[in-house]
Amino acid sequence: MAWTREDMAARAALELKDGFYVNLGIGIPTLVANHIPAGISVTLQSENGMLGMGPFPYPGEADADLINAGKQTITELPSSSYFSSADSFAMIRGGHIALSILGGMQVAQNGDLANWMVPGKMVKGMGGAMDLVAGVGRVVVVMDHVEKSGAPKLLTRCTLPLTGVGVVDLLITDLGVFEIGPDEGVTLIELAPDVTVEEVKAKTEAAFALAVK
Amino acid sequence: MAWTREDMAARAALELKDGFYVNLGIGIPTLVANHIPAGISVTLQSENGMLGMGPFPYPGEADADLINAGKQTITELPSSSYFSSADSFAMIRGGHIALSILGGMQVAQNGDLANWMVPGKMVKGMGGAMDLVAGVGRVVVVMDHVEKSGAPKLLTRCTLPLTGVGVVDLLITDLGVFEIGPDEGVTLIELAPDVTVEEVKAKTEAAFALAVK
Amino acid sequence: MLRKIRDGAAEALSGLLFDGMTVMSGGFGLCGTPETLIAAIKAAGVRELTVISNNCGIDGASLGLLLEGGQIRKMISSYVGENKLFEQLYLSGTLELEFNPQGTLAERIRAGGAGIPAFFTRTGVGTLVAEGKELRDFDGQTYVMERALTADLAIVKAWKGDAEGNLIYRKTARNFNPMMATAGKVTVAEVEELVEVGALDKDGIHTPGIFVDRIIQGGPYEKRIERVTTRPRPEREAA
Amino acid sequence: MLRKIRDGAAEALSGLLFDGMTVMSGGFGLCGTPETLIAAIKAAGVRELTVISNNCGIDGASLGLLLEGGQIRKMISSYVGENKLFEQLYLSGTLELEFNPQGTLAERIRAGGAGIPAFFTRTGVGTLVAEGKELRDFDGQTYVMERALTADLAIVKAWKGDAEGNLIYRKTARNFNPMMATAGKVTVAEVEELVEVGALDKDGIHTPGIFVDRIIQGGPYEKRIERVTTRPRPEREAA
Chain P
15 MAWTREDMAA RAALELKDGF YVNLGIGIPT LVANHIPAGI SVTLQSENGM
65 LGMGPFPYPG EADADLINAG KQTITELPSS SYFSSADSFA MIRGGHIALS
115 ILGGMQVAQN GDLANWMVPG KMVKGMGGAM DLVAGVGRVV VVMDHVEKSG
165 APKLLTRCTL PLTGVGVVDL LITDLGVFEI GPDEGVTLIE LAPDVTVEEV
215 KAKTEAAFAL AVK
Chain Z
15 MAWTREDMAA RAALELKDGF YVNLGIGIPT LVANHIPAGI SVTLQSENGM
65 LGMGPFPYPG EADADLINAG KQTITELPSS SYFSSADSFA MIRGGHIALS
115 ILGGMQVAQN GDLANWMVPG KMVKGMGGAM DLVAGVGRVV VVMDHVEKSG
165 APKLLTRCTL PLTGVGVVDL LITDLGVFEI GPDEGVTLIE LAPDVTVEEV
215 KAKTEAAFAL AVK
Chain A
5 MLRKIRDGAA EALSGLLFDG MTVMSGGFGL CGTPETLIAA IKAAGVRELT
55 VISNNCGIDG ASLGLLLEGG QIRKMISSYV GENKLFEQLY LSGTLELEFN
105 PQGTLAERIR AGGAGIPAFF TRTGVGTLVA EGKELRDFDG QTYVMERALT
155 ADLAIVKAWK GDAEGNLIYR KTARNFNPMM ATAGKVTVAE VEELVEVGAL
205 DKDGIHTPGI FVDRIIQGGP YEKRIERVTT RPRPEREAA
Chain U
5 MLRKIRDGAA EALSGLLFDG MTVMSGGFGL CGTPETLIAA IKAAGVRELT
55 VISNNCGIDG ASLGLLLEGG QIRKMISSYV GENKLFEQLY LSGTLELEFN
105 PQGTLAERIR AGGAGIPAFF TRTGVGTLVA EGKELRDFDG QTYVMERALT
155 ADLAIVKAWK GDAEGNLIYR KTARNFNPMM ATAGKVTVAE VEELVEVGAL
205 DKDGIHTPGI FVDRIIQGGP YEKRIERVTT RPRPEREAA
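Quick mapping for you: the protein sequence lines, in order, are chains P, Z, A and U. When you line the first sequence up against my numbering, it's residues 15 to 227, in that order. When you line the second sequence up against my numbering, it's residues 15 to 227, in that order. When you line the third sequence up against my numbering, it's residues 5 to 243, in that order. When you line the fourth sequence up against my numbering, it's residues 5 to 243, in that order.
It should be emphasised that the hints constitute simulated quantities derived from the structure, not laboratory data. Any given hint could turn out to be false.
[To be verified] Calculated cross-link-like contacts (lysine-lysine; reagent style DSBU-like; alpha-carbon spacing at most 35 Å): (1) P:LYS31 with U:LYS8; (2) U:LYS206 with Z:LYS138; (3) U:LYS227 with A:LYS164; (4) A:LYS227 with A:LYS88; (5) U:LYS137 with U:LYS164; (6) A:LYS206 with U:LYS137; (7) Z:LYS31 with A:LYS164; (8) A:LYS227 with A:LYS46; (9) A:LYS164 with A:LYS189; (10) Z:LYS31 with A:LYS8; (11) A:LYS78 with A:LYS88; (12) U:LYS137 with A:LYS137; (13) U:LYS189 with U:LYS46; (14) U:LYS88 with Z:LYS135; (15) Z:LYS217 with Z:LYS162; (16) Z:LYS138 with Z:LYS227; (17) P:LYS31 with U:LYS189; (18) U:LYS206 with P:LYS138.
[What the hints assert, rightly or not] The following residues of chain P were derived to be distant from chain U, with all beta-carbon distances above 12 Å: (19) ASN48; (20) HIS49; (21) ALA100; (22) GLY134; (23) THR170; (24) THR173; (25) GLY195; (26) PRO196; (27) THR210.
Each residue gets a CB set at the ideal place from its N, CA and C atoms; glycine is no exception.
So that you can see chain P by itself, here it is in the shape it has in the complex (with noise of 0.2 Å):
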């Protein structure tokens, strides 16, 4: 049975260690604050500034000056702190960010990523994700594992424009986890309940070796 996005959730939220600062894209990665593991404390950047991000507003709560980077209304904590985007992209660029969790359209066997640009469709851009993957000491990529078509999105190589090249640490989809590393390649590390590795392999494009614990 493949897993769920909370399913997901929950298994990219096993990634996070105590005294972590972490970004949480948008989408799945989003629902990760709702899994954090009872006694370990993470704090949430948001990448248009801020440190501490807090869940959302209560109704009628909502401040229009305190939103995040998915232009959600959030709130404080006590320990949150306000800067500007370039401080708050200097912070991400220059390796301070443990973690980022992040969606996905494709993933490559090396590492690469793509993520927001499909030719032919309107562009929304990349925001922030670009500088994400650049700059973020560990990336963790949450996507289902074939697109609706049924085609698969583990690739040998991205066929949509990159957000990153050779980006990806962790890549975690609905059948199973896989690590990317620049040398070894991708490992099938865990596998949802009852998702067979042939499975996975009829649905992956991508070369990948086998450690399941």
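Let chain P serve as the given structure and place chains Z, A and U on it in line with the hints.
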């Protein structure tokens, strides 16, 4: 009769215009603050991280956290703001300071300035001088016209290591005032009382044109 | 003393606008955008603008207003979703678009104000963003050279400001405003509250007055929210 | 939650010091220098240090203490006057010295913390500072390329700080501290006052806690002044 240090500072103060943001160097330039013409309001920048520098404190009121770039204790004004050294020099390098008034050891007829280093002597360092002459819109140098030895300081070429190339716009010495332009070279535009053009010529190595008002 | 305070947005922009000019506009989405000054630019009808702003507002609000008037020729942004009119204009070829990664955009503007003509960054190496740009290795890593951005006019929105032009921003409404204030040949600020000189915390001023040429009391502020997102109150509280 | 607060300077530096390391130290002259941590580095006796700091203290105070112990091999600074021992060590060839223009030094450190490996500046073009460095024209102006600076350890001094490592500096004691806090592989901060998390103005935090690995209550602070300069009180007040 050659100008005194206070006379030179007063003459330099005539370069100030209402609303100017100004950086004053150590020595005679610091005295310029005492000669700001009536009706003119200028804001003094201190490159260690302050805009809106006030006068020296009264005895007993010095604050160790409030000093100027010469490490003297100063005071703040209602309009003051503080910032980091990086932000301060971003301000300077970015051309936001209208005028810098600095001391000099040598000035060349193409506007080169030497004011930080005498080979063979212990070198204290350039501090912020190179940034100021490179970044500030208009650079005014105030210095004695000759060395104690009588050797000229307004030269064909500087013999001391440079602080900046072609950076001096106006030179004020105890003998007079000189405009320096990239194409025009040096023009003597004012003489101190009872100082003659012949005296200036005798004490100057650089070629200069005459346009004494 | 030269007065920086102007009586309203039209007066604040008087003499500064011309066709074909480049305008930087602060804000992230609708958060921290100089609404009052944008409306005045719309009213002034100046055209063929190159606008540098992280986003282009939404239909009917913020920079979306300048799109409606056909006043924008080119956008330099990192993200332009949430705007149907933008899409139409872009697909019809009426509107030119240059995408920058958000951090590169922020740093290019910071560089523009800081006298740094170019810098190197890892962001975008190996992507479309780096095409045609100089690549260079430092310590075994490849970087792309990016150039500084400046503008004929920067318009910014702050929370509080004084007659000297000192500004303080509020929460995430700060975003691109501080850098843009440094990178305009002329910078005009609008604030929610004009305060007495001396009322702002001198250690907490985000934009020192040197960067601000003119300042107005802005508003009345609509402060629209793009995505009001809330969570339910815990039941015991709701009960 | 990982605790950042340490019980004193020695504990805060425990495991971080080694011979031959590079240390950044905040401060301008004696203003805003991490006195407590410097004293602990002296006590630890670590040697062959490369120290990046705008100045090198004065005889018997601040970084001057590390000179006395012969712990510094090389200084990267913009100005080192006011220090006789420095002069002796330098002239005897015991101490290496690299001068940077103050703004270039500040920007190199900022770049080091911001993931910018190199940038261009006009400062120093045509002078000794640019010798051996790459020159390049942009828009008809010549610039010199400068490289980023980082350090094995950055020590900074703030006014107030909290357990998250959020810092606020006071007046001109801010100077190089904020950039250095971003450019150390490890950053240790000392503060005059440790406050409760939440007590600092969130819009006014100068150094977000992400940059600070360890923090101590410093002092007792001597806060020596290099040049107490005063003006006479107006007579009617004095009378």
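Hint check:
1. Proximity of P:LYS31 to U:LYS8 is assessed by CA-CA distance (about 15 Å); at most 35 Å being required, the pair is judged to hold.
2. The straight-line distance between the Cα atoms of U:LYS206 and Z:LYS138 is roughly 40 Å, outside the 35 Å bound, and the hint therefore fails.
3. A hinted pair counts as satisfied when its Cα atoms are at most 35 Å apart, and U:LYS227 with A:LYS164 qualifies at roughly 33 Å.
4. With a C-alpha separation of about 21 Å, the suggested pairing of A:LYS227 with A:LYS88 holds against the 35 Å cut-off.
5. Only pairs whose Cα atoms come within 35 Å are accepted, and U:LYS137 paired with U:LYS164 is rejected, the gap being roughly 40 Å.
6. With a CA separation close to 39 Å, the supplied pair A:LYS206 and U:LYS137 exceeds the 35 Å bound.
7. About 28 Å separates the Cα atoms of Z:LYS31 and A:LYS164, which keeps this hinted pair within 35 Å; it holds.
8. With a C-alpha separation of about 18 Å, the suggested pairing of A:LYS227 with A:LYS46 holds against the 35 Å cut-off.
9. Using a Cα cut-off of 35 Å, the hinted pair A:LYS164 and A:LYS189 holds, with the two alpha carbons roughly 22 Å apart.
10. Taking the CA atoms of Z:LYS31 and A:LYS8, the gap is near 15 Å; set against the 35 Å cutoff, the hint holds.
11. Restraint check for A:LYS78 and A:LYS88: satisfied, since their Cα atoms lie roughly 16 Å apart, inside the 35 Å limit.
12. Only pairs whose Cα atoms come within 35 Å are accepted, and U:LYS137 paired with A:LYS137 is accepted, the gap being roughly 21 Å.
13. With a CA separation close to 20 Å, the supplied pair U:LYS189 and U:LYS46 stays within the 35 Å bound.
14. Of the supplied pair hints, the one linking U:LYS88 and Z:LYS135 holds, its CA atoms being roughly 13 Å apart against a limit of 35 Å.
15. Proximity of Z:LYS217 to Z:LYS162 is assessed by CA-CA distance (about 12 Å); at most 35 Å being required, the pair is judged to hold.
16. Restraint check for Z:LYS138 and Z:LYS227: not satisfied, since their Cα atoms lie roughly 40 Å apart, outside the 35 Å limit.
17. The straight-line distance between the Cα atoms of P:LYS31 and U:LYS189 is roughly 19 Å, inside the 35 Å bound, and the hint therefore holds.
18. Distance restraint check for U:LYS206 and P:LYS138: the Cα-Cα separation of roughly 32 Å lies within the 35 Å cut-off, and the hinted pair is therefore satisfied.
19. The beta carbon of P:ASN48 sits about 19 Å from the closest Cβ of chain U, which is more than 12 Å, so the claim that it is off the interface holds.
20. The Cβ of P:HIS49 sits about 18 Å from the closest Cβ of chain U, beyond the 12 Å cut-off, so the non-interface label holds.
21. With a cut of 12 Å on Cβ distances, P:ALA100 falls inside the contact zone with chain U, its closest approach being about 8 Å.
22. At roughly 33 Å from the closest C-beta of chain U, the C-beta of P:GLY134 stays outside 12 Å, upholding its exclusion from the interface.
23. For P:THR170, the non-interface assignment is confirmed: its Cβ lies about 30 Å from the closest Cβ of chain U, beyond the 12 Å cut-off.
24. P:THR173, annotated as away from the interface, keeps every beta carbon of chain U farther than 12 Å; the closest lies near 29 Å.
25. Chain U leaves P:GLY195 outside its interface by the beta-carbon criterion, the shortest separation being 22 Å against a cut-off of 12 Å.
26. Every CB of chain U lies more than 12 Å from the CB of P:PRO196, the least distance being 19 Å, so the non-interface label holds.
27. The Cβ of P:THR210 lies farther than 12 Å from every Cβ of chain U, with a closest approach of about 40 Å, so its non-interface assignment holds.
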